[in-house]
Amino acid sequence: MASPFALSLPQPLRQFFSLFPLYTHPPVDSPDKALPVSSPTLWIHVPWSTDADVLSSDVECLKWQAYLALRGLSDISIRWDVSADGALDNRLPNLHIPLKTLSGASQEVKAQDDGEGELLPAHLIPEWVDGRVGALDGLEGYANEAARDESRAWVSLLEGNVHAALMLHQPSSLSFLEIISPYKAKPRSLETVVTQPPAPLFGISSLLPSYGTHVNVEAIEQQYKEAIASLSERLGTDKWFLGSSSPTALDALVFAYLHSILHSKEHTLRFEVTRRVNLVAWERRIQSQVRGAFRSAQPAQPSS
Amino acid sequence: MSESKLSPSLATSRDLVLHIWPKYESVLSFDVTSFAALLYLQLALPGQFSVAYCANPDLSPTGQLPFLTHGLYHASGLGPIVSYVRKLHHARNLDADLNPVHAAQLTAHIAHVEASYGDLINHMLYSLNENWAGVTRPALVSMLPVPQRYYVPARIRNSHKARLQAVDLWDVPEEEEAEAEEERRVVFGKRKKQKLGANAGPLQYKKAFEREKVVEKAKALFDVYDRLLGNHQFFNGSKTPTTLDIIFAAHTHLLLDLRLPDPLVTVTLESYPRLVTHCRTVVSTAFSARAPFPPTIQQSWLSSLRCLFPWARSPTTRRTLSATERSPEAQQLERRYRLWRWGFIAGSVLATTGYLWYGLSLVLVQRGNVVARLGRGTADAVPPALEDDDDDDEDE
Numbered sequence: 001m002a003s004p005f006a007l008s009l010p011q012p013l014r015q016f017f018s019l020f021p022l023y024t025h026p027p028v029d030s031p032d033k034a035l036p037v038s039s040p041t042l043w044i045h046v047p048w049s050t051d052a053d054v055l056s057s058d059v060e061c062l063k064w065q066a067y068l069a070l071r072g073l074s075d076i077s078i079r080w081d082v083s084a085d086g087a088l089d090n091r092l093p094n095l096h097i098p099l100k101t102l103s104g105a106s107q108e109v110k111a112q113d114d115g116e117g118e119l120l121p122a123h124l125i126p127e128w129v130d131g132r133v134g135a136l137d138g139l140e141g142y143a144n145e146a147a148r149d150e151s152r153a154w155v156s157l158l159e160g161n162v163h164a165a166l167m168l169h170q171p172s173s174l175s176f177l178e179i180i181s182p183y184k185a186k187p188r189s190l191e192t193v194v195t196q197p198p199a200p201l202f203g204i205s206s207l208l209p210s211y212g213t214h215v216n217v218e219a220i221e222q223q224y225k226e227a228i229a230s231l232s233e234r235l236g237t238d239k240w241f242l243g244s245s246s247p248t249a250l251d252a253l254v255f256a257y258l259h260s261i262l263h264s265k266e267h268t269l270r271f272e273v274t275r276r277v278n279l280v281a282w283e284r285r286i287q288s289q290v291r292g293a294f295r296s297a298q299p300a301q302p303s304s
Numbered sequence: 001m002s003e004s005k006l007s008p009s010l011a012t013s014r015d016l017v018l019h020i021w022p023k024y025e026s027v028l029s030f031d032v033t034s035f036a037a038l039l040y041l042q043l044a045l046p047g048q049f050s051v052a053y054c055a056n057p058d059l060s061p062t063g064q065l066p067f068l069t070h071g072l073y074h075a076s077g078l079g080p081i082v083s084y085v086r087k088l089h090h091a092r093n094l095d096a097d098l099n100p101v102h103a104a105q106l107t108a109h110i111a112h113v114e115a116s117y118g119d120l121i122n123h124m125l126y127s128l129n130e131n132w133a134g135v136t137r138p139a140l141v142s143m144l145p146v147p148q149r150y151y152v153p154a155r156i157r158n159s160h161k162a163r164l165q166a167v168d169l170w171d172v173p174e175e176e177e178a179e180a181e182e183e184r185r186v187v188f189g190k191r192k193k194q195k196l197g198a199n200a201g202p203l204q205y206k207k208a209f210e211r212e213k214v215v216e217k218a219k220a221l222f223d224v225y226d227r228l229l230g231n232h233q234f235f236n237g238s239k240t241p242t243t244l245d246i247i248f249a250a251h252t253h254l255l256l257d258l259r260l261p262d263p264l265v266t267v268t269l270e271s272y273p274r275l276v277t278h279c280r281t282v283v284s285t286a287f288s289a290r291a292p293f294p295p296t297i298q299q300s301w302l303s304s305l306r307c308l309f310p311w312a313r314s315p316t317t318r319r320t321l322s323a324t325e326r327s328p329e330a331q332q333l334e335r336r337y338r339l340w341r342w343g344f345i346a347g348s349v350l351a352t353t354g355y356l357w358y359g360l361s362l363v364l365v366q367r368g369n370v371v372a373r374l375g376r377g378t379a380d381a382v383p384p385a386l387e388d389d390d391d392d393d394e395d396e
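Order-wise, the sequence lines are chains A and P.
Here the first sequence is numbered in this note's numbering, starting from 1 and rising by one per residue.
Here the second sequence is numbered in this note's numbering, starting from 1 and rising by one per residue.
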């Protein structure tokens with residue numbers, strides 16, 4: 001631009017262009033305004049009963065709720081009027097935080113109070129929590145290295161076998177509006193949770209193109225029963241899982257799954273957990289702690 | 001119905017048949033869960049079962065291999081097979097000397113290995129293009145008969161796509177190759193080379209980054225199990241292989257013995273020598289001199305065209321077993337039954353044709369007059385004797 005060889009606009013053209021814009025419309029006031037965010041808000045799926053409960057009906061949202069509560073945060077508001085395709089990566093939960101709570105915020109940002117916020121996807125929540133409460137050490141809160149290694153195994157047991165059983169018995173309510181709507185939030189399918197890919201419905205060598213999945217229901221239920229039995233055995237009478245002295249991410253995950261199972265409509269799933277008294281008692285104890293950390297930002301009758 | 005006349009030796013041991021994917025080169029079975037099931041049965045029921053190599057997953061009741069048939073009972077999938085074998089009274093319980101807490105931890109570790117290690121192996125076999133084109137696809141093609149070998153391998157590969165995409169291990173670069181092709185078509189002349197050069201750099205960095213991620217995942221997994229193994233021979237310091245040892249060794253065996261052109265995870269694995277020796281120990285314990293390889297029933301896939309149509313199939317029909325496995329009495333019985341069956345069918349076909357022929361000939365004799373009359377026209381009248389006969393016949 002500054003080089004002498006660059007072209008510049010000739011004078012008459014510049015004068016002509018300065019006539020534009022001819023008319024500027026006044027700004028339009030729209031009723032939809034982003035509300036200023038004053039406290040961290042978690043966007044979740046709808047809770048089981050909207051007026052009494054703040055715990056989500058979706059396992060992943062509940063997992064993050066439990067994580068936030070067990071890490072020691074409190075006074076987090078929640079909202080459930082945002083649908084899944086309005087969230088980042090089409091997956092709830094998201095955390096909407098005021099800018100001043102970000103760990104890397106500068107002094108001016110911390111001083112301003114205009115309600116500007118930042119939306120975090122789920123995998124960035126631990127980082128934010130570390131900024132607020134203090135980072136965990138290398139052992140991530142577990143008693144020793146062996147316990148930390150074991151926690152990986154328990155995480156994949158829960159997210160594999162138990163999640164598959166939950167998904168299998170989830171009521172898939174498909175209303176007419178959902179079918180014709182162009183915004184499809186695709187839930188995770190069972191194939192992504194099961195380790196061996198299920199066979200297509202008409203067989204893998206038939207002429208018909210692969211459609212549907214032939215799910216091995218017996219195997220999933222049997223693995224689920226073994227998983228719950230081993231979970232109960234491992235918990236025993238400990239206060240926190242794997243003998244940790246303070247709650248860890250694994251406790252949040254276990255609580256989320258136990259709570260969802262106890263609220264599911266399928267009695268075979270529920271029965272496995274209700275048979276084990278220590279699991280039920282543990283879940284009840286954590287429930288009050290998790291519930292206390294949240295308050296509902298949603299009014300009872302949401303205004304349109 | 002023929003079981004009462006068979007010799008009792010047939011009823012128990014030979015009835016337990018494990019159907020697994022066939023072997024390929026030095027790997028005893030091409031699929032990890034099949035090999036794990038084989039190892040488990042070899043350790044729990046040595047010499048009391050037989051193996052059938054089967055490349056058709058549709059024979060299984062759930063459409064997945066491995067599956068087990070024992071008489072009229074079948075179990076499909078590694079979990080159901082293990083729990084069924086545990087219930088058999090003459091089977092050895094491999095996890096007998098573990099205390100309840102260790103048994104609970106075992107369940108969790110098994111789930112972890114099946115999920116993470118299984119994903120890594122599927123990534124190696126099905127996602128990396130060099131491995132797919134060089135080893136996996138030729139192996140599958142060699143196992144399948146003619147119409148199936150053209151489309152079933154691609155279907156198997158696609159079936160792994162959903163899970164590998166969910167864990168971020170699917171980087172089949174189909175989209176980038178398609179974009180590069182389009183640019184080549186659109187831009188012609190000397191500009192073509194420049195465009196490819198501009199895209200090649202970021203693509204290479206992206207590929208290198210993806211590969212680094214896979215190596216990190218593998219290292220995280222192997223670190224956990226290296227620490228769990230410690231300096232013992234088997235996990236948790238037990239003296240005999242437990243279920244976790246078997247499943248881990250099955251995965252390791254496939255990685256080590258299948259020579260893949262792109263050994264991304266194998267190289268990482270070989271930097272953990274204790275895990276390699278663990279695998280060799282488990283396999284040699286299972287296939288020792290005292291417990292040789294079980295008898296195999298090679299099922300030839302005869303009706304490959306019939307498999308094109310979705311058909312409800314029961315896996316326990318006796319006809320799927322080949323004739324050489326039967327005793328001479330059973331074969332004679334089968335022959336007799338076959339003779340009677342086909343004799344009955346032939347007899348009924350003969351009777352039907354005879355009846356139809358007789359009926360038809362009667363009708364034709366009557367109608368023959370009509371035809372003849374029409375044929376010759378009204379000129380040559382039918383002799384009145386025949387007409388009288390017809391009238392008599394109709395009256396009677």
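Treat each hint with caution, since some may be false.
[Stated by the list, open to error] Under the rule of at most 16 Å between Cα atoms (straight-line distance), these lysine to aspartate or glutamate pairs were calculated in the EDC-like manner:
#	chain 1	residue 1	chain 2	residue 2
1	P	Lys219	A	Asp114
2	P	Lys217	P	Asp257
3	P	Lys23	P	Asp171
4	P	Lys217	A	Asp149
5	A	Lys33	A	Glu116
6	P	Lys206	P	Asp257
7	P	Lys161	A	Asp149
8	A	Lys33	A	Asp114
9	A	Lys33	A	Asp75
What the hints contain is simulated information worked out from the structure, not anything from laboratory work.
Each hint tested on the structure:
Taking the CA atoms of Lys219 of chain P and Asp114 of chain A, the gap is near 46 Å; set against the 16 Å cutoff, the hint is violated. Restraint check: the Cα-Cα separation between Lys217 of chain P and Asp257 of chain P comes to about 21 Å, which exceeds 16 Å; the hinted pair is violated. A C-alpha spacing of about 27 Å is found between Lys23 of chain P and Asp171 of chain P, which places the hinted pair above 16 Å, so the restraint is violated. For the proposed pair Lys217 of chain P and Asp149 of chain A, the alpha carbon gap of about 14 Å is at most 16 Å, so the pair holds.
Distance restraint check for Lys33 of chain A and Glu116 of chain A: the Cα-Cα separation of roughly 12 Å lies within the 16 Å cut-off, and the hinted pair is therefore satisfied. For the suggested pair Lys206 of chain P and Asp257 of chain P, the alpha carbons sit about 29 Å apart, so the restraint of at most 16 Å is broken. Taking the CA atoms of Lys161 of chain P and Asp149 of chain A, the gap is near 28 Å; set against the 16 Å cutoff, the hint is violated. Simply put, Lys33 of chain A and Asp114 of chain A have alpha-carbon atoms about 14 Å apart, close enough for the 16 Å limit, and the pair holds.
The straight-line distance between the Cα atoms of Lys33 of chain A and Asp75 of chain A is roughly 24 Å, outside the 16 Å bound, and the hint therefore fails.
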